[in-house]
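Engineer: Letter by letter, the chains look like this.
Number of protein chains: 2
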Amino acid sequence: MRNPTLPRVAVLGLGLVGGSLFQLLHHHGHPVVGYDVDAATRKLVAQHHGGRVCDSICEAVAQAELTVIAVPVWAVGQVIDEIGRADYSGLLTDVVSVKAPIDQLIRQQLPAARWVGGHPMAGSEKTGFVASSATLLADCPWVLCLNQLEQLDDWCDVARHITQLGCRVIPATTVEHDEAVARISHVPHAMAAALTNTAASGAAGALALSIAAGSFRDATRVAAAEPNVVAAWCEANSVAVVSQLDAVIAQLVQLRDALRTGPELAASARDLFSRAQRIRQTWPREAAHTTRVARTVGAIGGVGRAGGWIIQVEQDHVVAALP
Amino acid sequence: MRNPTLPRVAVLGLGLVGGSLFQLLHHHGHPVVGYDVDAATRKLVAQHHGGRVCDSICEAVAQAELTVIAVPVWAVGQVIDEIGRADYSGLLTDVVSVKAPIDQLIRQQLPAARWVGGHPMAGSEKTGFVASSATLLADCPWVLCLNQLEQLDDWCDVARHITQLGCRVIPATTVEHDEAVARISHVPHAMAAALTNTAASGAAGALALSIAAGSFRDATRVAAAEPNVVAAWCEANSVAVVSQLDAVIAQLVQLRDALRTGPELAASARDLFSRAQRIRQTWPREAAHTTRVARTVGAIGGVGRAGGWIIQVEQDHVVAALP
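From first to last, the protein sequence lines stand for chains H and E. The opening residue of the first sequence carries number 90 in this note's numbering; numbering runs sequentially from there. The opening residue of the second sequence carries number 90 in this note's numbering; numbering runs sequentially from there.
Heads up, some of the hints might be wrong.
What the hints assert, rightly or not - Taking beta-carbon pairs under 7 Å as the criterion, some of the chain H residues facing chain E (in silico):
{"hint": "1", "residue": "A283"}
{"hint": "2", "residue": "S304"}
{"hint": "3", "residue": "V319"}
{"hint": "4", "residue": "A320"}
{"hint": "5", "residue": "Q340"}
{"hint": "6", "residue": "L361"}
{"hint": "7", "residue": "W372"}
No lab work stands behind these hints: they were computed from the structure. Every residue gets a Cβ at the ideal spot worked out from N, C-alpha and C, and that includes glycine.
So that you can see chain H by itself, here it is in the shape it has in the complex (with noise of 0.2 Å):
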């Protein structure tokens, strides 16, 4: 007998994030069905894991209760467009890593969807079903896009099921969400590549590239990544990627210019290097405290906006816990 408190789920995109929740909630005891474009990607996960895979999204929706889109960015129009020919009726959220974009395309495409904009903190530089694993979401950071009144029914049933699982749920505004991933995700995606091609480029980079140790290491992890995944994280969210570019760049560019006007750097430009270790030195904060918080838009919003997550939700209020 199936926990009637666990809905039935359907994974649409089996990839490395896909894959993982398709993992993660056969593991929790969700009845969960997952489907994928790749038939090769289908058959490995019939074979070899718990849950049901089908052969189209029409027949994954067709029980489900919550649906998560979990392809690519540039494949999400096409997902939408099949979930509106099921006359899929469920909550619908997604792990895309852009949130206006797909926002947008709800809008267009199915206006009256139960939808919940959603973005779990994990990855790697790797792709595909062979990559994931039941532990990458295990306890991550996962955020639940709010934007309005009328969704705040449909993020309550969405954050519950989220919290279920284990993870950290962060309200946030898409602007909000965007913004935020645009400076802790595809920035640093940009300055791993900028980084990478710097140390290996013209005659001296053989020696560069053999001598590159630890800090090279992790600056550069994801220079790794699928170059055509990362492209498309910039273009649908380039207006607060130029924005957060930018911010760098002025950084990297007074450090350049008070090491020109040496020998010693201004207090300025030393003081980046200060600022910068009293935050990294006490990142990641954990929770001091949780509170009860009021089931409104404004009052969980607030929590990500503290630096905060949501741990359980109930009826009348949710649980928050706060750095």
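Following the hints, complete the assembly by docking chain E onto the known chain H.
Structural biologist: Chain E only, in chain H's frame:
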């Protein structure tokens, strides 16, 4: 009875790198003496670790055949001064991450020294003897600077000792070293600081830091490093750091401008990601073959420029590994 092929080594400075070297040398059976300006560190090392600890540089180098300067860049001048006053005549090397300023100090203060500048490529965002360990330097790439014929015999002697510790000796000129280290260490530290500050800035900083995951964690790890140390590296290596910062900034500007022009990234901007992926996926490069190399400045330097390293030093040749 000590192994007569293992020289008596003095390690001056018992912080992260000096302390790790002290332990590694002891582990390999070298008779090793240590010195640190900090009395509490001397006491800690003397009580808990093998090897002898001295209360002065004069005493530490008295019996040494190889002396290693392992103090921060700003303290090297005074240490060289004390080595000079001790009438030390053995081999002299260091582990400081910038080489041109140290070369200059040696020329000014100790022109007759048997000097071979060195730089083991291993570190941590932590500092001090408490963070050191015999494993930190095991198997690491270890640059030894070879600039001119007069150094060749001393270079080969130091290189033989370092290869016998299990490290890969990478030959480079002082200028080559400083440019390469700007690329793979100093600029990455600057970028980590800029990224950390950008992520945390303003009212949106708390949310960004709470959703930050693996790519932020790795990209900013070294932002937790001691700011005065990083600033001192950049100051001491300002010409190379400025030049490599320019190269990174140019790519970030290219990407930003392409995103502004959007919606689709120009092929040249997209190529930043493709090139970086190709480079990063094949890094670090393994040794493809080993070869005998003539014991000349040109031949040995060519190994480093080709991305290779020295694994063995013999009377009339060296053995190199090449990727």
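Engineer: None of the hints should be skipped; say for each whether it holds.
Structural biologist: Hints and how they fare:
The interface hint given for A283(H) is met, as the beta carbon of that residue sits about 4 Å from the closest beta carbon of chain E, less than 7 Å. Below 7 Å, beta-carbon pairs count as interface contacts, and S304(H) has one with chain E at about 5 Å; its hint therefore holds. With its C-beta approaching chain E no nearer than about 5 Å, V319(H) sits inside the 7 Å limit, and its interface hint holds. Because the smallest distance between the Cβ of A320(H) and any Cβ of chain E comes to about 5 Å, under 7 Å, the interface hint for this residue holds.
Interface restraint check: Q340(H) against chain E, minimum CB-CB distance 4 Å, threshold 7 Å, status holds. The restraint placing L361(H) at the interface with chain E holds, with a minimum CB-CB distance near 5 Å, inside the 7 Å limit. The restraint placing W372(H) at the interface with chain E holds, with a minimum CB-CB distance near 6 Å, inside the 7 Å limit.
Hint compliance for this structure: every hint is met.
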